[in-house]
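Residue strings, one per chain:
2 protein chains.
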Amino acid sequence: MKENAPAKKGLRETIAEMNAMIADKMSKIRFKIPVMSGKGGVGKSFITVNVAVGLASKGKRVAIFDADFHGPSVAKMLNLVDEIPAISSKGIIPVEGPMGVKVISLDMLLEEKDAPTIWRGPLKTNVIRQLLAEVEWGELDYLLIDLPPGTGDEPLSIAQLIPSLTGIIMVTIPSGVSEHVVKKAIVFAEKLKVPIIGIVENMSYFKCPNCGEVYYLLGKGAGERLTKKYGLRLLGKIPLDPYASLSCDEGTPIVLKENCDTSRIILEVVDKLINVVEQAGSDRRV
Amino acid sequence: MKENAPAKKGLRETIAEMNAMIADKMSKIRFKIPVMSGKGGVGKSFITVNVAVGLASKGKRVAIFDADFHGPSVAKMLNLVDEIPAISSKGIIPVEGPMGVKVISLDMLLEEKDAPTIWRGPLKTNVIRQLLAEVEWGELDYLLIDLPPGTGDEPLSIAQLIPSLTGIIMVTIPSGVSEHVVKKAIVFAEKLKVPIIGIVENMSYFKCPNCGEVYYLLGKGAGERLTKKYGLRLLGKIPLDPYASLSCDEGTPIVLKENCDTSRIILEVVDKLINVVEQAGSDRRV
Numbered sequence: 001m002k003e004n005a006p007a008k009k010g011l012r013e014t015i016a017e018m019n020a021m022i023a024d025k026m027s028k029i030r031f032k033i034p035v036m037s038g039k040g041g042v043g044k045s046f047i048t049v050n051v052a053v054g055l056a057s058k059g060k061r062v063a064i065f066d067a068d069f070h071g072p073s074v075a076k077m078l079n080l081v082d083e084i085p086a087i088s089s090k091g092i093i094p095v096e097g098p099m100g101v102k103v104i105s106l107d108m109l110l111e112e113k114d115a116p117t118i119w120r121g122p123l124k125t126n127v128i129r130q131l132l133a134e135v136e137w138g139e140l141d142y143l144l145i146d147l148p149p150g151t152g153d154e155p156l157s158i159a160q161l162i163p164s165l166t167g168i169i170m171v172t173i174p175s176g177v178s179e180h181v182v183k184k185a186i187v188f189a190e191k192l193k194v195p196i197i198g199i200v201e202n203m204s205y206f207k208c209p210n211c212g213e214v215y216y217l218l219g220k221g222a223g224e225r226l227t228k229k230y231g232l233r234l235l236g237k238i239p240l241d242p243y244a245s246l247s248c249d250e251g252t253p254i255v256l257k258e259n260c261d262t263s264r265i266i267l268e269v270v271d272k273l274i275n276v277v278e279q280a281g282s283d284r285r286v
Numbered sequence: 001m002k003e004n005a006p007a008k009k010g011l012r013e014t015i016a017e018m019n020a021m022i023a024d025k026m027s028k029i030r031f032k033i034p035v036m037s038g039k040g041g042v043g044k045s046f047i048t049v050n051v052a053v054g055l056a057s058k059g060k061r062v063a064i065f066d067a068d069f070h071g072p073s074v075a076k077m078l079n080l081v082d083e084i085p086a087i088s089s090k091g092i093i094p095v096e097g098p099m100g101v102k103v104i105s106l107d108m109l110l111e112e113k114d115a116p117t118i119w120r121g122p123l124k125t126n127v128i129r130q131l132l133a134e135v136e137w138g139e140l141d142y143l144l145i146d147l148p149p150g151t152g153d154e155p156l157s158i159a160q161l162i163p164s165l166t167g168i169i170m171v172t173i174p175s176g177v178s179e180h181v182v183k184k185a186i187v188f189a190e191k192l193k194v195p196i197i198g199i200v201e202n203m204s205y206f207k208c209p210n211c212g213e214v215y216y217l218l219g220k221g222a223g224e225r226l227t228k229k230y231g232l233r234l235l236g237k238i239p240l241d242p243y244a245s246l247s248c249d250e251g252t253p254i255v256l257k258e259n260c261d262t263s264r265i266i267l268e269v270v271d272k273l274i275n276v277v278e279q280a281g282s283d284r285r286v
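Protein chains in written order, with the working numbering: chain R, 1 to 286; chain F, 1 to 286.
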């Protein structure tokens, strides 16, 4: 809030002022990309974190906004849970993770880490609006927005509050159940007229390191079926990897690991992403 | 709505009437058990469906209310997606799945199956209230309620609308990230004074059927750590099994499969559950 603001400013003026602040802050960011999935637990935060660090490893200026209020995981996956964002005259300053990736997560702004955010929808929209207005990201190439599962208040608010979203990265696992739910997220994106950059199929398969046998532990083929049905790009298929989960728990993104198949596959997704969005037209849509 | 209701009934009267209908319907159900997890994709619906069918296979009268509006999976996992609940003078009649398990899922009430429910919180609360008031479950031993991930509007509404919840089954996967998020759900349940029956750790490990090697693909130990920290029961650890995902996509619960380790482990969870809730005191709390 500005110090010289009138004391009795109405709600409508406050919202209009915040929206203007959002427009100003977002104008300094080239590509604004929500990472979404209809279904929870498909590894949305895992993809967000690793694609962000992968982009940064290729010289891009990158930030993550963790908008998954009820299940924020980004800070934990980057070992930033105990970091507290500073407040400057310009706004809230994001903390910095591996490769200089800037991060704001609600987790960092809560006093009690184990406390749940028992918030109803309209309150979440207000918090998203305020954070988008107040966080000082600075000049960025990429802002990745980790959305909660589903098609509820948070994705709706993000789509309405950020003026020119570049496009969505849609994450699925290979099962038919996930396909069924992610379809809804795709239709949601279409209804809100936000383009979809492509689909990442996560936990696609597991290759036993001991005997080489390949298993489809979480179903098979949802990525291909969804890309075919909706005419979308498949950005990549990431295998199940015991080290992937360990890396999340340890806060060290697997994409930084050398001589690792999973890391190599994620970097291919990053290259494809850069290729698609940076070659798109000047309207910043894909 | 009753036909002889006054034409201009106020919102408050309507809500009071609905709450009375809910109290009446819920009084015919012995055990009302939400299945919850802070985190999405931990297999909450898989556990709900298989525990429900497992209970029914032991002679219990069982129903499932799928309250995961944005990612409803229960109908798909029971091959009931194309079923349409009938409407009688008593209310909405649930459809019947394997072993006579009664099911109501929002999926069944939507015209367009791929359409997302782009609903804000207050609307979801109204729909939950209306369904709880209107669905004619009849006399039941168990009503399992599949909640969406997180601690948002839906779990909050369920906790406030259903008078005497027996207790929550909390589902986690073994990773530290899941543990971090499920902690919030546990604190949420404590704040709302709903007891927790116990924790199910899903996708605990994978034993390669070819070479017998055991892998912890999604982390390790969250179930034990959570039960220890919060003094809770561990109801069981369900392994990753290629057939589990296949059974969900095919709509045939794995718990019905014979000579199957995963099925046997789920039936042990069911026995433990029966043991805990049916031996609890007359206040129906665990």
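Treat the hints with care, since some could be wrong.
Said to hold, decoys possible - Here are some of the chain R residues that sit facing chain F, going by a computed Cβ distance under 8 Å:
hint : residue
1    : K76
2    : D153
3    : V181
4    : K184
5    : A185
6    : N210
7    : P239
8    : L240
9    : D249
10   : T252
Stated by the list, open to error - Sample of chain R residues lacking proximity to chain F, with all beta carbon distances greater than 10 Å (derived):
hint : residue
11   : T14
12   : E83
13   : I84
14   : P116
15   : G121
16   : R129
17   : E136
18   : P148
19   : S175
20   : V177
21   : K183
22   : L232
23   : R233
24   : L234
25   : K257
In case anyone wonders, no lab produced these hints; they're calculated from the structure. Backbone N, C-alpha and C define an ideal beta-carbon position, used for all residues, glycine too.
*Far enough from chain F: is every CB of that chain over 10 Å from the CB of R:K183?*
violated (5 Å)
*Going by Cβ atoms, does R:V177 stay more than 10 Å from chain F at every point?*
At roughly 5 Å from the nearest Cβ of chain F, R:V177 sits no farther out than 10 Å, so the non-interface label is violated.
*Report holds if the minimum CB distance from R:K257 to chain F is greater than 10 Å, and violated otherwise.*
Non-interface label on R:K257 holds, nearest chain F Cβ at 16 Å vs cutoff 10 Å.
*Non-interface claim for R:I84, where every Cβ of chain F lies beyond 10 Å*: holds (17 Å)
*At a threshold of 8 Å, is the proposed contact between R:K184 and chain F supported by beta-carbon distances?*
holds (4 Å)
*Go through the hint on R:A185 and say holds or violated, using the shortest Cβ distance to chain F against 8 Å.*
With a closest approach of 6 Å, the R:A185 hint holds.
*Was the hint right that R:L240 lines chain F, CB cutoff 8 Å?*
holds (5 Å)
*Taking the minimum C-beta separation from R:R233 to chain F, is that value above 10 Å?*
Consistent with the label, R:R233 stays out of reach of chain F, its closest Cβ about 20 Å off (over 10 Å).
*Say whether it holds or is violated: R:P148 keeps its Cβ farther than 10 Å from all Cβ of chain F.*
violated (6 Å)
*Against chain F, with CB atoms and a cut of 8 Å, does the hint on R:K76 hold up?*
Constraint on R:K76 satisfied, holds at 5 Å.
*Run the C-beta distances from R:R129 to all of chain F and say if the shortest one exceeds 10 Å.*
holds (14 Å)
_Closest CB of chain F to the CB of R:L232 still more than 10 Å away_ = holds (14 Å)
In summary, the structure is inconsistent with hints 7, 10, 14, 15, 18, 19, 20 and 21 from the numbered list given earlier, while agreeing with the others.
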